[in-house]
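Chains A and B, in that order, give the protein sequences. For the first sequence, the residue numbers in the working numbering are 1 to 241. For the second sequence, the residue numbers in the working numbering are 1001 to 1120.
Derived from the structure by calculation, the hints contain no laboratory data. Source: prediction; values computed, not measured. For every residue, glycine included, the Cβ atom is placed at its ideal position computed from N, Cα and C. One or more of the hints may lead you astray.
[Unchecked claim] Take a look, some chain B residues computed to stay more than 12 Å from chain A by CB distance:
1) Phe1023
2) Ile1028
3) Gly1031
4) Cys1044
5) Thr1045
6) Gly1057
7) Gly1066
8) Ala1072
9) Ile1079
10) Leu1086
[Stated by the list, open to error] FRET-style restraints, in silico, Cβ to Cβ:
11) Asn189/A with Leu1110/B: 32 to 38 Å
12) Leu1076/B with Asn235/A: 32 to 38 Å
13) Phe1075/B with Leu120/A: 58 to 64 Å
14) Asp1120/B with Lys27/A: 24 to 30 Å
15) Arg1118/B with Lys27/A: 25 to 31 Å
16) Phe140/A with Glu1036/B: 43 to 49 Å
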Amino acid sequence: MKIAVIIPCYNEEACVAEVFNEISNIKIPNCYIQPVFINDCSKDNTLVLLQSYNALVLDLPVNLGIGGAVQTGFKYALLNNFDIAIQLDGDGQHPSDQIINLIQPILTNEADIVIGSRFLLKEGFQSTFTRRLGINYFKFLNKFLIKKTITDNTSGFRAINYKALKEVCNYYPDEYPEPEAIILFSLNNLRIKEIPVIMRERIGGQSSISSFKSIYYMVKVSLAIIFIYLRLKLNGKRSAV
Amino acid sequence: MENVVPYKIQIISIIGALLFMFFIFRLITKGKLREEYSIVWIICTLILILFSVWRNGLDIIAKFLGIYYAPALVFLAAIFAIIIFLVHLSVVNSKQQRQIKDLAQNIALLKDKLENKRND
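Bound conformation, chain A alone (with noise of 0.2 Å):
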């Protein structure tokens, strides 16, 4: 099984030493792990210190946010004939050591997409209060279109397997993708599964939503989530663009 660890980073220079031991050293029996971190125009010393571990960096010439660079890792990991593709926020936030369970379920082909949950066990870092008011508008907005309940909807922390890798190449939002992509990869009929994790507050670095933009942020995700809905459906369910 061939793994890659997608991390996007922007101006993460505190925390990709970290971020960046700790996956190398994972083991897990029966698969190369390959840390794939993207360099989305950091502004600080991010892509030379990636460079100087000698990391594999994929370093954009220009500024795509989030999702975008997220997608140049996952067309990366279908170029190479990865298994499977896991994102990871280079922040720390996300727990590596738990990538062993997000993969759990696609080696026992239980889930085509495996997201890790803040809020199965309501442990850890729980996040603000206001955050959470709209990780449950997502939550209910999703489970309206798509008829089964998500708890984490914006969790970054995900593992998906080859089928899923091709359809996120195809076509992945570009900024805040997280939600969006749950309606795309349900109404792609994969089976999408929640595990619990445990997460910590963000070592360094910045979140990419402040408060200033989340009204911004939930204007724009509402109606990415409608439209990729309406054209998903409207489509017969070929794949969008």
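We have chain A; now place chain B onto it with these hints.
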């Protein structure tokens, strides 16, 4: 309904439209404007010239459509055309954004490939 449009403004608008047409043509020949985007501007200029020459045209069409105040028709048509064109530009913009994203991703992937080749 004679003389609704004074001669002076008629001459000014014909000259203005011709200058505009000339400006568009110059942009195309200099390669600063692509032909497909110039079509809409050429059509607009032709319409402008048509109504500058055909003095009563505006009134006749306004009457036909039941518009009491003929100049209102000009504004209506102009605003409608502008909105359509702006939507068109947004579509073009979205398409370019997607193309730029694809290009950027491919550059990142190729850079990595090149790096590997060099290290071999």
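So, going through the hints one by one against the coordinates:
1. Look at Phe1023/B: its CB is around 32 Å from the nearest CB on chain A, clear of 12 Å, so calling it non-interface holds up.
2. With a least CB separation of 29 Å from chain A, Ile1028/B remains clear of the 12 Å interface cut-off, as annotated.
3. Under the 12 Å C-beta cut-off, the non-interface status given to Gly1031/B relative to chain A holds; the minimum distance is some 24 Å.
4. A cut-off of 12 Å between C-beta atoms confirms that Cys1044/B is not in contact with chain A; the least separation is 32 Å.
5. Once the 12 Å rule is applied to beta carbons, Thr1045/B is consistent with being away from chain A; the minimum gap is 36 Å.
6. Every Cβ of chain A is farther than 12 Å from the Cβ of Gly1057/B; the closest lies at roughly 42 Å, confirming the non-interface assignment.
7. Every Cβ of chain A is farther than 12 Å from the Cβ of Gly1066/B; the closest lies at roughly 38 Å, confirming the non-interface assignment.
8. Once the 12 Å rule is applied to beta carbons, Ala1072/B is consistent with being away from chain A; the minimum gap is 35 Å.
9. The claim that Ile1079/B lies off the interface holds: its Cβ sits roughly 26 Å from the closest Cβ of chain A, which is beyond the 12 Å cut-off.
10. No beta-carbon of chain A comes within 12 Å of the beta-carbon of Leu1086/B; the shortest separation is about 19 Å.
11. Separated by about 33 Å at the C-beta atoms, Asn189/A and Leu1110/B satisfy the suggested range of 32 to 38 Å.
12. Checked against the given bound of 32 to 38 Å, the beta carbons of Leu1076/B and Asn235/A, roughly 36 Å apart, stay inside it.
13. Judged by the Cβ atoms, the range 58 to 64 Å given for Phe1075/B and Leu120/A holds: they are separated by roughly 59 Å.
14. Evaluation of the 24 to 30 Å hint for Asp1120/B and Lys27/A yields a pass: the beta carbon distance comes to about 27 Å.
15. Our hint of 25 to 31 Å for Arg1118/B and Lys27/A holds, since their Cβ atoms are close to 30 Å apart.
16. Between Phe140/A and Glu1036/B the beta carbons are some 45 Å apart, a value that agrees with the proposed interval 43 to 49 Å.
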